[in-house]
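A.B. asks: Following the hints, position chain B against chain A.
Protein chains in written order, with the numbering used here: chain A, 17 to 126; chain B, 117 to 231.
If you're looking for bench data, these hints aren't it; they were derived computationally from the structure.
The beta-carbon is built from N, C-alpha and C at its ideal position, and this holds for glycine as well.
Incorrect hints may have been included.
[What the hints assert, rightly or not] Label pairs and their in silico Cβ distance ranges:
hint : chain 1 : residue 1 : chain 2 : residue 2 : range
1    : B       : Gly201    : A       : Thr69     : 43 to 49 angstroms
2    : B       : Glu157    : A       : Met26     : 17 to 23 angstroms
3    : B       : His126    : A       : Met26     : 41 to 47 angstroms
4    : A       : Pro126    : B       : Gly189    : 43 to 49 angstroms
5    : B       : Ile170    : A       : Ser95     : 40 to 46 angstroms
6    : B       : Glu156    : A       : Glu33     : 48 to 54 angstroms
7    : A       : Gln58     : B       : Arg194    : 34 to 40 angstroms
[To be verified] Pairs of lysine-lysine, DSBU-like flavour, derived with a Cα cap of 35 angstroms:
hint : chain 1 : residue 1 : chain 2 : residue 2
8    : B       : Lys160    : A       : Lys68
9    : B       : Lys167    : A       : Lys118
10   : B       : Lys178    : A       : Lys118
11   : B       : Lys143    : A       : Lys19
12   : B       : Lys178    : A       : Lys19
13   : B       : Lys160    : A       : Lys118
14   : A       : Lys19     : B       : Lys160
15   : A       : Lys70     : B       : Lys178
16   : A       : Lys70     : B       : Lys160
17   : A       : Lys85     : B       : Lys187
18   : A       : Lys68     : B       : Lys143
19   : B       : Lys187    : A       : Lys70
[Claimed, not checked] Quick partial rundown of chain A residues pointing at chain B, CB under 10 angstroms, derived from the structure:
hint : residue
20   : Thr50
21   : Gly59
22   : Val75
23   : Leu105
24   : Phe116
Now for the letters of each chain:
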Amino acid sequence: LAKTTQPISMDSYEGQEVNITCSHNNIATNDYITWYQQFPSQGPRFIIQGYKTKVTNEVASLFIPADRKSSTLSLPRVSLSDTAVYYCLVGLSGYSTLTFGKGTMLLVSP
Amino acid sequence: NAGVMQNPRHLVRRRGQEARLRCSPVKGHSHVYWYRQLPEEGLKFMVYLQKENIIDESGMPKERFSAEFPKEGPSILRIQQVVRGDSAAYFCASSPLDSPYNEQFFGPGTRLTVL
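Excised from the complex, chain A in its bound form (with noise of 0.2 angstroms):
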């Protein structure tokens, strides 16, 4: 399985678009690059999965250059209601097993 990295942790302000970056340097070609969201207590939340370019849906956009060595979620105009642990997962699509790091633990003040 391809193994992620991601920022420990990253800070920002209300109305700010953040970009968490993800590192997935031994990519499989028929891996896929998933995001989920996680809050304090409680279960991990699909945020958006691509293949390659760009995917954009009514939350978040991923953005995966043409190595698909690395992945960046963006989040638009973020709220203190982002603040959460974004988990970055590579692995073939549909496939039963979810593969998790540290996940990146994304403060939003205001």
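C.D. replies: Below, chain B without anything else, positioned relative to chain A:
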């Protein structure tokens, strides 16, 4: 439209007792997964089940831990003779039969404390 339900939310056991954690998946979902999360750590996969079958239990300790997902009723994660190191948050997740994404729906977790 209920999501994944887990109970109890908090469970306290003394060393040597048994812990039973229950998980009801999203209605219509036939795949259930159990994960364990230690403080300040990411979730670690334990076991993957479909109705009446264990598909992958590679992440589950060989001793004291067992899981089932019967034809009727919730999925059960059972820990026998608990030790302090079993203290953690245990999350259950479910997914539909043919999910094109790595999207699993997680429950709120059961926080197990072993005294």
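A.B. asks: Does each hint fit the structure? Answer for all of them.
C.D. replies: Evaluation of the provided hints:
1. B/Gly201 / A/Thr69: 43 to 49 angstroms: Check passed, 44 angstroms falls within 43 to 49 angstroms.
2. B/Glu157 / A/Met26: 17 to 23 angstroms: 19 angstroms, holds
3. B/His126 / A/Met26: 41 to 47 angstroms: Since the Cβ atoms of B/His126 and A/Met26 sit about 30 angstroms apart, the hinted range of 41 to 47 angstroms is violated.
4. A/Pro126 / B/Gly189: 43 to 49 angstroms: The hint (43 to 49 angstroms, Cβ to Cβ) holds, given that A/Pro126 and B/Gly189 are roughly 46 angstroms apart.
5. B/Ile170 / A/Ser95: 40 to 46 angstroms: 42 angstroms, holds
6. B/Glu156 / A/Glu33: 48 to 54 angstroms: 27 angstroms, violated
7. A/Gln58 / B/Arg194: 34 to 40 angstroms: With a Cβ separation near 24 angstroms, A/Gln58 and B/Arg194 fall outside 34 to 40 angstroms, so the hint is violated.
8. B/Lys160 / A/Lys68: Holds. B/Lys160 to A/Lys68 sits at ~27 angstroms (cutoff 35 angstroms).
9. B/Lys167 / A/Lys118: 31 angstroms, holds
10. B/Lys178 / A/Lys118: Holds: B/Lys178 and A/Lys118 sit about 25 angstroms apart, inside 35 angstroms.
11. B/Lys143 / A/Lys19: Distance ~33 angstroms between B/Lys143 and A/Lys19 Cα, so the pair holds.
12. B/Lys178 / A/Lys19: Holds, at about 25 angstroms.
13. B/Lys160 / A/Lys118: 10 angstroms, holds
14. A/Lys19 / B/Lys160: Status holds; Cα separation ~14 angstroms.
15. A/Lys70 / B/Lys178: 42 angstroms, violated
16. A/Lys70 / B/Lys160: 29 angstroms, holds
17. A/Lys85 / B/Lys187: Between A/Lys85 and B/Lys187 the Cα gap is close to 42 angstroms, so the pair fails against 35 angstroms, i.e. violated.
18. A/Lys68 / B/Lys143: 32 angstroms, holds
19. B/Lys187 / A/Lys70: Not satisfied, since the Cα-Cα distance of roughly 41 angstroms exceeds 35 angstroms.
20. Thr50: 4 angstroms, holds
21. Gly59: Holds. Min distance 3 angstroms.
22. Val75: Nearest chain B Cβ about 13 angstroms off; hint violated.
23. Leu105: 7 angstroms, holds
24. Phe116: Constraint on A/Phe116 satisfied, holds at 4 angstroms.
Of the hints listed earlier, those the structure fails to meet are numbers 3, 6, 7, 15, 17, 19, 22, in rising order.
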